[in-house]
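Student: Okay, here's what each chain looks like letter by letter:
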Amino acid sequence: MALITFTNKGIYCKQGDFYIDPWKPLNLAVTTHGHADHVKWGNNAYLCHTLTKPVLDQRLGEGLKIETLPYDKEISINGVKISFFPAGHVIGSSQVRLEYKGEVCVISGDYKTENDGISTPFEPVKCHTFVSESTFGLPIYKWQPQETVFERIKDWISGNHDNNKTSVLIAYSLGKAQRLINGLAGYSDIYVHNSIANLNERFIAAGVNLPETHRITADIKKETLQRGIVIVPPALAEGRWIKNLNHAATGICSGWMQVRAGRRWRSADAGFAMSDHADWPGLLSAIKATEAEKVYVTHGYTATFSKYLNEIGIASEEVKTQYGNDEEDEKLEEVA
Amino acid sequence: MRRFTELIQQLEMSNKTNDKIAALAEYFTEADDLDKPYVIAMFTGKRPKRPVNTALVKQWAIELSGIPEWLFAESYHNVGDLSETIALVLPPPAHVTNRKLHEWINDLVSLNSNDEAYKKAFILDAWDSLNTQERFIFNKLISGNFRIGVSNKMLVNALAKQSGTESNKIMHSIMGKWQPSEISYIDLIAGAHVNTDNSWPYPFCLAYALEAEPSSLGAVSDWQAEWKWDGIRGQIVKRNGELFIWSRGEELVTEQFPELHFLLDELEDGTVLDGEILSVKDGNVQAFSILQQRLNRKTINKSQLNDAPIGFYTYDLLEHQGHDLREDTLAVRRELLEKVIAALATKNVVALSPVVDFKNWDQLAEIRQDARNINSEGIMLKKLDSLYHSGRKRGDWWKWKINPYTVDTVMIYAQKGSGRRASFFTDYTFAVRDGDKLITVAKAYSGLTDKEIKEVNSFVVKNAVEKFGPVRTVKPELVFEIAFEGIAESKRHKAGLALRFPRIARWRKDKKADEINTLDDLRQLLNTTLLYGQP
Chain A
1 MALITFTNKG
11 IYCKQGDFYI
21 DPWKPLNLAV
31 TTHGHADHVK
41 WGNNAYLCHT
51 LTKPVLDQRL
61 GEGLKIETLP
71 YDKEISINGV
81 KISFFPAGHV
91 IGSSQVRLEY
101 KGEVCVISGD
111 YKTENDGIST
121 PFEPVKCHTF
131 VSESTFGLPI
141 YKWQPQETVF
151 ERIKDWISGN
161 HDNNKTSVLI
171 AYSLGKAQRL
181 INGLAGYSDI
191 YVHNSIANLN
201 ERFIAAGVNL
211 PETHRITADI
221 KKETLQRGIV
231 IVPPALAEGR
241 WIKNLNHAAT
251 GICSGWMQVR
261 AGRRWRSADA
271 GFAMSDHADW
281 PGLLSAIKAT
291 EAEKVYVTHG
301 YTATFSKYLN
311 EIGIASEEVK
321 TQYGNDEEDE
331 KLEEVA
Chain B
1 MRRFTELIQQ
11 LEMSNKTNDK
21 IAALAEYFTE
31 ADDLDKPYVI
41 AMFTGKRPKR
51 PVNTALVKQW
61 AIELSGIPEW
71 LFAESYHNVG
81 DLSETIALVL
91 PPPAHVTNRK
101 LHEWINDLVS
111 LNSNDEAYKK
121 AFILDAWDSL
131 NTQERFIFNK
141 LISGNFRIGV
151 SNKMLVNALA
161 KQSGTESNKI
171 MHSIMGKWQP
181 SEISYIDLIA
191 GAHVNTDNSW
201 PYPFCLAYAL
211 EAEPSSLGAV
221 SDWQAEWKWD
231 GIRGQIVKRN
241 GELFIWSRGE
251 ELVTEQFPEL
261 HFLLDELEDG
271 TVLDGEILSV
281 KDGNVQAFSI
291 LQQRLNRKTI
301 NKSQLNDAPI
311 GFYTYDLLEH
321 QGHDLREDTL
331 AVRRELLEKV
341 IAALATKNVV
351 ALSPVVDFKN
361 WDQLAEIRQD
371 ARNINSEGIM
381 LKKLDSLYHS
391 GRKRGDWWKW
401 KINPYTVDTV
411 MIYAQKGSGR
421 RASFFTDYTF
431 AVRDGDKLIT
441 VAKAYSGLTD
451 KEIKEVNSFV
461 VKNAVEKFGP
471 VRTVKPELVF
481 EIAFEGIAES
491 KRHKAGLALR
501 FPRIARWRKD
511 KKADEINTLD
521 DLRQLLNTTL
531 LYGQP
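Sequences listed follow chains A and B, in order.
For the first sequence, full-length UniProt numbering gives the first residue as 1, with consecutive numbering after it.
For the second sequence, full-length UniProt numbering gives the first residue as 1, with consecutive numbering after it.
Everything labelled a hint here was simulated from the structure, so no lab data went into it.
Among the hints, erroneous ones may be present.
In the BS3-like style, the derived pairs of lysine-lysine whose C-alpha atoms are separated by at most 27 Å in a straight line are [to be verified]:
(1) B/Lys462 / B/Lys443
(2) B/Lys393 / A/Lys320
(3) A/Lys142 / B/Lys120
(4) B/Lys451 / A/Lys243
(5) B/Lys462 / A/Lys9
(6) B/Lys161 / B/Lys393
(7) B/Lys58 / A/Lys142
(8) B/Lys58 / B/Lys140
(9) B/Lys140 / B/Lys119
(10) B/Lys399 / B/Lys359
(11) A/Lys154 / B/Lys16
(12) B/Lys475 / A/Lys320
(13) B/Lys140 / A/Lys142
(14) B/Lys58 / A/Lys307
(15) A/Lys81 / A/Lys307
(16) B/Lys16 / A/Lys243
(17) A/Lys307 / B/Lys393
(18) B/Lys399 / B/Lys437
Some, not all, of what chain A presents toward chain B, calculated at C-beta under 10 Å [claimed, not checked]:
(19) Pro124
(20) Lys126
(21) Ile140
(22) Gln144
(23) Arg263
(24) Ala268
(25) Asp269
(26) Ala303
Distance ranges between label pairs, derived from CB positions [to be verified]:
(27) B/Glu103 / A/Pro281: 29 to 39 Å
(28) A/Gly159 / B/Gly391: 24 to 34 Å
(29) A/Lys243 / B/Leu295: 41 to 51 Å
(30) A/Thr50 / B/Asn131: 52 to 62 Å
(31) B/Lys512 / A/Lys243: 38 to 48 Å
(32) B/Glu6 / A/Asp189: 21 to 31 Å
(33) B/Gln292 / A/Ala303: 23 to 33 Å
(34) B/Ile148 / A/Asp155: 17 to 27 Å
(35) A/Asp189 / B/Thr473: 52 to 62 Å
(36) A/Gly159 / B/Ile374: 52 to 62 Å
(37) A/Arg227 / B/Glu455: 39 to 49 Å
From the three backbone atoms N, C-alpha and C, an ideal C-beta is built for every residue, glycine too.
Between the sequences and the hints, there should be enough to build the whole structure, so can you do that?
Tutor: Written as C-alpha cells, this is what we have:
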C-alpha cells in the first residue's frame, strides 16, 4: 500500500499515522517549514528541523510540543523512518523523507535549487514517490543567477541614494528578508521592520550567522533610513508607513516580477525577479534527480506542470492541497 | 538597443506622467542620434510593414525553446503578451551584440525581400545575441505593435523639453510625412520637412469632459454651444490643387469618402476645415452604427453609398487663404468659416455644425436632453475668445455629454486580462435574460477599482463552473450595471445586437441575478434609436 495518501486534512502517512504539513489540526504534524500555508496552530505535536523551531516558537507561540531533528539524523515512528533533507527554500526548510519496508517517499514542501547563501542548499534525494510544488511551473520562469539580481538591486539602491530617495525592499519576513540581508550586508546599513527583526533574533539565538541589521523604531530619523536600506514585509507595501518616509522608492523581490504584468500590477517602483521557489529548469532538474516513479504536484501551476511531466515520460498527477493558496489568490495577497 | 530597452523599462515602471517625460527627455539627450527618429516614428505609430508573419515567429520560438505548443499557449495566457512570452521561453543567448536600434530596424525592414529560410536564420541569430529584455523589444519591433503608454502629447512634451523647441511646432513636424531613414533628429525637431508637404494637417484641438455644473463656466455670453456629433472627427486640407481628408487618428482617409471629393473644385487653396464626418441622410444625422458600415472599406458599393451617405459638419476653420488661423479667436474663425461654407456651390453635404442658441445654462441643460433625438452625444461648449490649441487644454473647450445608456446584466464568463492585468480575472462577459436563458450582450474590462477587481477575482476563483483554456464559466450571481454609448443590430452576435463602448458603470451588489434586464428591453431601445434621424 502507498506510503502517503492525500486527504482533506493534509498529506497522510497511514503506516506511521502522522500527517505532513496538515492544514487542519491533528495529532502529529511533520512540518517542512514555517510559512503559514504549511504549518497551522493547534496540532498536538510538531516534528520539524532544528532551525524551523524558532519560527514556530515565534509564529505559533511558546509552549507547544515541538520535536526537532537535524538534517543528518533519522527517527522512526511506528516503523516508518523519517529524516529531513535540505529544501533550500528558507532557513530550516526541509524535504521530508519517509521510508517503510524499502519504499521511499519524499515530500519536498517548497524548495529552490539555487544556493541562496543563507538556507542550507537543496539536496536531491532518490525516492520512489516525490511530492513537488510547481509555484513557478511554467517555462517563462527562469531565474537569473542571484549575483546578477543582487547587482541590479545594488545599482537601484545607489541610484536612490543619488536622488535622495529611501530604498524600501518588500520581502517576506521569513525567507526573502534573510536572503536580502545576507546578500546586501556591507553595502549599506540595513533597517528592518519589527516582524523581521523578531524572527532574526530567534534565528541568531538558535545559532544562525545573520549579518547585523537595525530594528526600525520611532527614534530612527528618516534621514538615516534614507541613507540605508529598508526592508519591510508585503503587508506594509501599500500603506501609510511607507508614504511617511522621505521619498520612498519601493522594490519588490519576487518571482512574479519576472513578468511585466506582475511588475506593473503592483504599484512598485522596481521589481526584482528573485524567488525562493525553484524556476522551471530547477523543478525539472530536481524531479529528474529523484528518479521517482511517481510525482505528485501539490500547488502552483499543477495541471500544466503535471501534464508536461507525463508528456516527457515522468508519471505525474496533480493533487489538491491548500498550499500556496490558489495560484491567483497568492499573487494578490502575498509576494512569494 | 540597450539604451532603448532601458527607456522602455523606465516607462513601464512609472505611473507618473512627469517621470515618463523626464525619462524620455533623458533618452533623447543620451541616445544615438541615428536611433532617435526611429524611436519617434515608433511612438507615433509609424510602423514599417511587418517583415515576418507572427505565426511563423511564434513557431520558431516554440521550436527553439523545445516546449510543446500547448505549453507555449499556456505560458502566453499567463504573460498576456506574445513578444514577452517568446522572450521568456527562449534559451539563454550564446553571445552578445552592440548593434544599434536603427540597425536592427533597418535590417528588419530589408528582411521583407528575403525568403523564409533567410528570415528564420536572421531572427534566430538575433535571439541568440540578445538578453530577455532586449528580445522583448526586438520581438515588438518585428510585430510593429508598440503600445507603451506614451501618447503623442507626452512624446512632444519630452521632445520640447529636451530640445527647447515649442511643442506646437514639434507636434506639427512629427505628424507629417517623413521617413526615419531620411531625416536627422535635428531636422525633424526643426520641422525642416514640413513646409513642402501639402497634406499637412494641424493637431486637433480637443475638449475635456465637463464634470462640474456648466454655471461654473461663468457668463453665457462668453460661450458658443454646438451639438457634440457622434462620428469621426476629421480635417479637410486643400492646398496646391490637392485634397486630403485626415481622421482624428492621424490617418489619411481621403479615398473612403468620395462624397466629399467635390471640395477639390470648390474650396480655395490654403483651406483647412475641422469637423465631423457623419452619415447624413435627407438632412438628418444618422446613428453611428450606420456610419460604421462606411469605415475602413477598400471599396464602397452602391447600396452603402445609398444607405449611409456621408456628410461633413464643420466646426472650425484652421487655415484660410494659406494663413494659419489658430492664433485667432473662435469668434473670428467662425465668422470666416461661415463665409467659406456659404461660398460652396454644392449645398448640404458640407455644412456648418449649427450653433445652439441659449439664454441661460438651465435652458441649455434642457436643450441638451434632446441630443439623442438627433443622434448627438450632447453639447460642446467653446469659449468665444479661445485660440485653437494643439491637443487638450483645460478651460477653453468642454464636452458636456448626456448620460450613457445603462443596462443591468449578470456576469457569466471571466478571463484573465492582458498587460498589467494578466494575473487576474479582469475581462468579463455579461448577459441579460431571454426567457429562462441568459444571453451574452457585452464584454467589458474596465470600470472597476483594483479592490473590486480583487473581490471579483476571488469570486471567480471560488465559483468557476467550467474551464475553457483561459476562460472560466462562473455562477451567474454578480450583477453589474453596464453603461454604453449606442446600440446596433449585429448578425455576428447571438443576441442580434451589439452595444457600443460597453463598460462597467457600477457593481450592483444590491441586486440579484433575477432582477437584471431582458433582451426585449434592449431590442426596444435598438428600435427607438433607429427611428431617430429618420424623416
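Student: List, from low to high, the hint numbers that the structure doesn't satisfy.
Tutor: 2, 15, 17, 18, 19, 20, 30, 33
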